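J.: Here is what each chain is made of, one letter per residue.
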Amino acid sequence: MSAAREHILADLRERIASLQGVGVKGAGSLPFGVAEIDRIFPCGGLAYGALHEFAGGGSGTVDGAAAALFAAGVAARTPGKIVWCLTRPDLFFPALAQAGLHPDRVIFVEGDKDEDVLSSMEEALGYGGLGAVVGELVRLPMVASRRLQLAAERTGTMGIVVRRWRRQIEANDFGQPTASLTRWRVSVLPSEPLPVPGIGRARWLLELIRSRAGECAEFEIGACDGQGRIHISAGSGNRSNSSGLSRHTG
Amino acid sequence: MQAAKAQALFKGLTLLDADPVADAEALRRIALWALMVYSPIASVDALDGLVLDTEGADHLQGGENAMITRIANQFWAKGLTAKVAVADTWGAAHACARSATRNTVVVPRGETVRATERLPISLLRLPTKIVSDLHTLGFQTIGELSATPRAPLALRFGPEIGRRLDHMYGRLPEPIEPIRASEWIEASRAFAEPIGAPETINKYVGRLVSQLVAELQRRSLGVRRTDLLVEKVDGTRQAIRAGTAKPARDVAWLTKLFRDRTETIEPGFGIEKLTLVAVMTEPLEEEQRSSSLVGGAVEDITPLIDMFGNRGQRVYRLAAVASDVPERSVRRLQAAAEEIGEKWVHHWPRPVRLLHCPDRIEAIALLPDHPPASITWRGKRHRVRRADGPERVFGEWWLRDSELAAVRDYFVIENDAGERFWIFRSGDGVDPQTGSHAWFLHGIFA
Numbered sequence: 000m001s002a003a004r005e006h007i008l009a010d011l012r013e014r015i016a017s018l019q020g021v022g023v024k025g026a027g028s029l030p031f032g033v034a035e036i037d038r039i040f041p042c043g044g045l046a047y048g049a050l051h052e053f054a055g056g057g058s059g060t061v062d063g064a065a066a067a068l069f070a071a072g073v074a075a076r077t078p079g080k081i082v083w084c085l086t087r088p089d090l091f092f093p094a095l096a097q098a099g100l101h102p103d104r105v106i107f108v109e110g111d112k113d114e115d116v117l118s119s120m121e122e123a124l125g126y127g128g129l130g131a132v133v134g135e136l137v138r139l140p141m142v143a144s145r146r147l148q149l150a151a152e153r154t155g156t157m158g159i160v161v162r163r164w165r166r167q168i169e170a171n172d173f174g175q176p177t178a179s180l181t182r183w184r185v186s187v188l189p190s191e192p193l194p195v196p197g198i199g200r201a202r203w204l205l206e207l208i209r210s211r212a213g214e215c216a217e218f219e220i221g222a223c224d225g226q227g228r229i230h231i232s233a234g235s236g237n238r239s240n241s242s243g244l245s246r247h248t249g
Numbered sequence: 000m001q002a003a004k005a006q007a008l009f010k011g012l013t014l015l016d017a018d019p020v021a022d023a024e025a026l027r028r029i030a031l032w033a034l035m036v037y038s039p040i041a042s043v044d045a046l047d048g049l050v051l052d053t054e055g056a057d058h059l060q061g062g063e064n065a066m067i068t069r070i071a072n073q074f075w076a077k078g079l080t081a082k083v084a085v086a087d088t089w090g091a092a093h094a095c096a097r098s099a100t101r102n103t104v105v106v107p108r109g110e111t112v113r114a115t116e117r118l119p120i121s122l123l124r125l126p127t128k129i130v131s132d133l134h135t136l137g138f139q140t141i142g143e144l145s146a147t148p149r150a151p152l153a154l155r156f157g158p159e160i161g162r163r164l165d166h167m168y169g170r171l172p173e174p175i176e177p178i179r180a181s182e183w184i185e186a187s188r189a190f191a192e193p194i195g196a197p198e199t200i201n202k203y204v205g206r207l208v209s210q211l212v213a214e215l216q217r218r219s220l221g222v223r224r225t226d227l228l229v230e231k232v233d234g235t236r237q238a239i240r241a242g243t244a245k246p247a248r249d250v251a252w253l254t255k256l257f258r259d260r261t262e263t264i265e266p267g268f269g270i271e272k273l274t275l276v277a278v279m280t281e282p283l284e285e286e287q288r289s290s291s292l293v294g295g296a297v298e299d300i301t302p303l304i305d306m307f308g309n310r311g312q313r314v315y316r317l318a319a320v321a322s323d324v325p326e327r328s329v330r331r332l333q334a335a336a337e338e339i340g341e342k343w344v345h346h347w348p349r350p351v352r353l354l355h356c357p358d359r360i361e362a363i364a365l366l367p368d369h370p371p372a373s374i375t376w377r378g379k380r381h382r383v384r385r386a387d388g389p390e391r392v393f394g395e396w397w398l399r400d401s402e403l404a405a406v407r408d409y410f411v412i413e414n415d416a417g418e419r420f421w422i423f424r425s426g427d428g429v430d431p432q433t434g435s436h437a438w439f440l441h442g443i444f445a
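The listed protein sequences derive, respectively, from chains A and B.
Residues 0 to 249 in numbering that gives the first Met the number 0 are what the first sequence spells out, letter by letter.
Residues 0 to 445 in numbering that gives the first Met the number 0 are what the second sequence spells out, letter by letter.
I should point out that these hints are in silico values taken from the structure, not numbers from a laboratory.
Take every hint as true, because none was put in to throw you off.
List of simulated lysine to aspartate or glutamate pairs, DMTMM-like, C-alpha gap at most 25 Å:
{"no.": "1", "chain 1": "B", "residue 1": "Lys82", "chain 2": "B", "residue 2": "Asp47"}
{"no.": "2", "chain 1": "B", "residue 1": "Lys245", "chain 2": "A", "residue 2": "Glu121"}
{"no.": "3", "chain 1": "A", "residue 1": "Lys112", "chain 2": "B", "residue 2": "Glu63"}
{"no.": "4", "chain 1": "B", "residue 1": "Lys77", "chain 2": "B", "residue 2": "Asp52"}
{"no.": "5", "chain 1": "B", "residue 1": "Lys255", "chain 2": "A", "residue 2": "Asp115"}
{"no.": "6", "chain 1": "B", "residue 1": "Lys342", "chain 2": "A", "residue 2": "Glu109"}
{"no.": "7", "chain 1": "B", "residue 1": "Lys342", "chain 2": "A", "residue 2": "Asp103"}
{"no.": "8", "chain 1": "B", "residue 1": "Lys245", "chain 2": "A", "residue 2": "Glu109"}
{"no.": "9", "chain 1": "A", "residue 1": "Lys112", "chain 2": "B", "residue 2": "Glu54"}
{"no.": "10", "chain 1": "B", "residue 1": "Lys245", "chain 2": "B", "residue 2": "Glu341"}
{"no.": "11", "chain 1": "B", "residue 1": "Lys342", "chain 2": "A", "residue 2": "Asp224"}
{"no.": "12", "chain 1": "B", "residue 1": "Lys128", "chain 2": "B", "residue 2": "Glu173"}
{"no.": "13", "chain 1": "B", "residue 1": "Lys379", "chain 2": "A", "residue 2": "Asp89"}
{"no.": "14", "chain 1": "B", "residue 1": "Lys202", "chain 2": "A", "residue 2": "Glu122"}
{"no.": "15", "chain 1": "B", "residue 1": "Lys77", "chain 2": "B", "residue 2": "Asp16"}
{"no.": "16", "chain 1": "B", "residue 1": "Lys379", "chain 2": "A", "residue 2": "Glu169"}
{"no.": "17", "chain 1": "B", "residue 1": "Lys245", "chain 2": "A", "residue 2": "Asp115"}
{"no.": "18", "chain 1": "B", "residue 1": "Lys255", "chain 2": "A", "residue 2": "Glu121"}
{"no.": "19", "chain 1": "B", "residue 1": "Lys202", "chain 2": "B", "residue 2": "Glu271"}
{"no.": "20", "chain 1": "B", "residue 1": "Lys245", "chain 2": "A", "residue 2": "Glu122"}
{"no.": "21", "chain 1": "B", "residue 1": "Lys342", "chain 2": "A", "residue 2": "Asp89"}
{"no.": "22", "chain 1": "B", "residue 1": "Lys245", "chain 2": "B", "residue 2": "Glu214"}
{"no.": "23", "chain 1": "A", "residue 1": "Lys112", "chain 2": "B", "residue 2": "Glu262"}
{"no.": "24", "chain 1": "B", "residue 1": "Lys245", "chain 2": "A", "residue 2": "Asp103"}
{"no.": "25", "chain 1": "B", "residue 1": "Lys255", "chain 2": "B", "residue 2": "Glu285"}
{"no.": "26", "chain 1": "B", "residue 1": "Lys255", "chain 2": "A", "residue 2": "Glu114"}
{"no.": "27", "chain 1": "B", "residue 1": "Lys255", "chain 2": "A", "residue 2": "Glu122"}
{"no.": "28", "chain 1": "B", "residue 1": "Lys255", "chain 2": "A", "residue 2": "Glu109"}
{"no.": "29", "chain 1": "B", "residue 1": "Lys77", "chain 2": "B", "residue 2": "Asp22"}
{"no.": "30", "chain 1": "B", "residue 1": "Lys128", "chain 2": "B", "residue 2": "Glu159"}
{"no.": "31", "chain 1": "A", "residue 1": "Lys112", "chain 2": "B", "residue 2": "Asp259"}
These stretches of chain B come out as covered by chain A in the derived footprint (C-beta under 8 Å, 3 or more residues):
{"no.": "32", "stretch": "302 to 315"}
{"no.": "33", "stretch": "321 to 331"}
{"no.": "34", "stretch": "339 to 347"}
{"no.": "35", "stretch": "435 to 445"}
All figures in this text were calculated on a predicted structure; none of them were measured in a lab.
We put the CB at the ideal spot given by N, CA and C, even for glycine.
Work out the full structure, taking the sequences as your base and the hints as a guide.
T.: Here is the structure:
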């Protein structure tokens with residue numbers, strides 16, 4: 000009984016997917032390698048051939064550091080070259096290299112305006128054969144996101160938009176609807192406690208705010224490791240150890 | 000001045016015979032260089048100058064001022080003193096460059112009349128006979144001449160004066176005939192009926208590219224820089240330049256580079272002639288790219304890089320530099336450069352965002368080597384919950400003498416909310432020689 004039901008459900012999903020777009024179906028997906036997160040996606044991971052939006056929370060809306068590193072971790076696990084479009088060149092690449100992204104793989108395209116970033120992203124997504132196309136944007140209007148999504152569907156390249164605002168109050172723009180397949184917010188949390196004083200592995204609150212044909216969820220995760228992978232963090236945010244200041248010698 | 004008179008005035012004067020032919024040849028070579036580097040429309044101006052149409056080319060060099068300073072410096076580096084002027088028209092630029100006391104002059108848009116009214120009439124590019132006759136009549140400056148009624152002047156000297164004045168003020172177009180080298184490969188097409196529709200332009204650009212590529216194929220060359228010259232019915236010219244990061248001979252690739260920008264062509268009353276010129280070529284041998292034995296060939300993204308570059312975006316890759324000073328540990332590479340393979344070898348975490356200039360912060364810290372207990376950054380106080388450090392970075396005394404004693408102590412700090420910052424203290428906390436002991440915030444961690 001249940002097997003038949005599963006079969007019907009799978010068939011229905013396939014038919015809906017074929018209605019939604021041609022490219023999305025065959026492109027596959029990139030699993031996070033964390034069962035709890037991969038389970039909530041209909042295709043078992045972050046879909047190729049689609050647009051995904053990452054934004055920071057709190058002061059991360061302005062610096063976009065956690066969102067950029069999360070994007071770098073995803074990009075590092077895709078095969079092929081990465082095109083990274085931006086307007087403010089304040090990314091410090093050694094940090095991205097520590098998340099497993101090799102500098103030889105990344106082509107930076109620096110424009111003067113948001114529109115330049117949009118057109119560069121669309122061109123790169125439509126080119127095909129790239130691993131991922133990352134763009135740092137302030138505004139993402141519906142029409143622009145639709146164009147990016149269609150370009151991504153055509154070639155099966157993953158498009159990632161890192162939203163980064165000028166002021167923290169402008170971040171309520173993130174509520175506006177866009178055509179992206181998933182939408183995430185990455186906020187920093189106090190780091191994992193260490194048995195000794197010092198700063199442990201960074202922890203993030205990962206909120207999946209929107210997922211087309213999927214459910215929303217939130218996770219507490221450990222930040223990207225040397226291969227760009229994340230893991231579900233067991234440690235809680237409350238720590239009794241208040242004397243965390245450390246001094247390393249040598 | 001005669002040679003004998005000059006020798007009487009200056010002791011030990013060296014005399015050289017004038018060699019106008021060699022001078023003209025040298026000037027021609029410089030003009031060809033300027034055409035390759037700066038603008039697709041460049042030519043020789045009079046006996047001693049160059050003229051470039053920099054419309055739409057200056058922003059690539061960082062604006063007009065930056066561009067002409069760079070041009071003047073490049074000549075200076077070769078031991079030549081060049082005077083460079085930018086103006087609305089060829090005539091105005093000619094006069095300003097030759098009269099200016101400074102090496103670089105920018106005449107703002109629409110300021111031609113004011114900039115040229117006090118200049119002598121000899122700079123109007125008139126025949127010497129007319130200039131001396133005008134002097135006899137008492138004309139000294141261009142302003143006086145342009146304020147005089149045209150009809151009596153035309154009756155006495157012919158139409159030349161009015162024509163040159165109109166050229167200077169931009170009332171008559173004066174297209175620049177770009178210099179050509181005989182070895183350049185060209186493909187051109189003249190139209191019996193002027194064309195104007197973007198689709199038609201695209202169609203003929205495609206045909207010209209195929210012609211050019213066939214010729215390149217015959218000589219086994221690839222283009223690095225290609226100009227499309229658009230000659231319009233009203234005698235004006237427009238040029239589009241497409242550069243490629245590697246020698247290219249691919250019809251689809253080159254056509255796409257031009258079609259991407261045909262919308263910037265203003266056909267006006269119609270286009271009479273399209274010319275495609277391979278300005279810079281390099282040898283390009285045939286090579287086998289794909290094979291049925293090796294599946295999944297490595298994708299070549301040079302066409303994409305060219306597309307970004309020709310749209311005026313800055314395209315680059317980053318590479319590691321062996322330096323402990325964070326802002327010096329990254330350098331930019333050409334996007335199409337060979338793969339380097341090396342990475343940074345830090346064991347310490349590095350911030351995702353690095354501030355261009357470290358921000359001054361207030362910190363309360365126990366010297367010499369404790370992390371701060373709290374910091375105040377941009378008016379907001381952060382209590383330091385946890386910290387790591389110090390990581391000591393020494394100045395690069397082997398490169399810069401002033402950094403002989405300089406030291407920075409970096410700390411990673413985390414506040415109550417979990418935000419992580421990269422801060423440093425200038426100096427080692429003991430010796431004032433090593434730094435000011437002020438605290439700075441340099442980066443933001445994820």
